[in-house]
Amino acid sequence: MEGSVEHEYKNQDPNLNVSGISVSTKLSLVFVSCDHSEAVAIVVYSLSEDHALFTFHVAADSYFLKIGLNDVNRVFTVAMVGEVGEYSKTSLFTFSHLKEELSSRLNRDDWDNLRSYFSLPPGQVSTITGSQSYSENTLLLLEERGYIHPSNVDRLSDAFADLSLQHAYLVTQTFKNLGAQENEYGRFLASLATHLTLEIQEKLWAYFQFTEENMKSVFSNQSPALSFLLTLDDMGKIHPADVSNLRTPLRSTTFYRL
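First residue of the sequence shown: 20, per this note's numbering; consecutive thereafter.
Certain hints may be false.
Claimed, not checked - Within a straight-line C-alpha distance of at most 27 Å, the following computed BS3-like cross-link-like pairs (lysine-lysine) qualify:
| hint | residue 1 | residue 2 |
| --- | --- | --- |
| 1 | Lys256 | Lys195 |
| 2 | Lys222 | Lys45 |
| 3 | Lys235 | Lys45 |
| 4 | Lys235 | Lys222 |
| 5 | Lys256 | Lys222 |
| 6 | Lys235 | Lys256 |
Unchecked claim - Pair ranges (Cβ atoms, derived):
| hint | residue 1 | residue 2 | range |
| --- | --- | --- | --- |
| 7 | Ile40 | Lys222 | 46 to 52 Å |
| 8 | Glu163 | Leu66 | 33 to 39 Å |
| 9 | Glu203 | Glu231 | 30 to 36 Å |
Think of the hints as simulated: they come from the structure by calculation, not from any bench.
Positions of the beta carbon are idealized from the N, C-alpha and C atoms, including for glycine.
With the hints as constraints, model all of the structure from the sequences given.
So this is what it looks like as structure tokens:
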């Protein structure tokens, strides 16, 4: 009895040997590790559409055995010699990576349609269309006019959906999904910082045993409260998946009882 193939994830580079695969149903992504004598890379596919979305290279001196996924915010890679690499999901596919991927995948007509979709100024459009870097310049103009931002590509994603550019839509959705928790965490810290009075901050400094050097760094920032929270993140006291360490010191404050 032979089963039927539901999805086939094709290797685009015949020189790469597939050495491992891992699936994240939460992110709807398939991670395939590939290697040859000169490179180690992980190709990321859409779980539902069979699209190769992007490729990222990893630091390793030997062939890979497998990839481990943590659906909180980490990707782990294990090499044959025992090297373990840890990557945050947002570092796998950054805003710069997104722009590079879109620039390489869309043709000139796609970019013309995208500029028309956003009704960009004719004078600037004519300058862009006459340049060799029309794709990069289009994205730069969209960024300058506030249509896209490293933390928000919703309008760009909607445009690709309306223009039936499926691959570009999947790529932007993947970028959003990979960064969703980090962006939510950033908004949480920014909101919390607005409620941290100097009195509350002093209690937190004492609780977390901030050094004089820590304090100088915090106060040199234009937003000391947010700087304090980001310093706690750097120290490993809090992270996107767990901010419970703040609960005890905040419990005795007026803020916690609000």
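Now for the hints, and whether the structure bears them out:
1. Lys256 x Lys195: Holds: Lys256 and Lys195 sit about 26 Å apart, inside 27 Å.
2. Lys222 x Lys45: At roughly 38 Å apart (the allowed maximum being 27 Å), Lys45 and Lys222 break the hint.
3. Lys235 x Lys45: Outside the cut-off at roughly 41 Å; violated.
4. Lys235 x Lys222: holds (17 Å)
5. Lys256 x Lys222: holds (16 Å)
6. Lys235 x Lys256: holds (19 Å)
7. Ile40 x Lys222: 46 to 52 Å: holds (49 Å)
8. Glu163 x Leu66: 33 to 39 Å: holds (34 Å)
9. Glu203 x Glu231: 30 to 36 Å: holds (33 Å)
Of the numbered hints stated above, those contradicted by the structure are hints 2 and 3, listed in ascending order.
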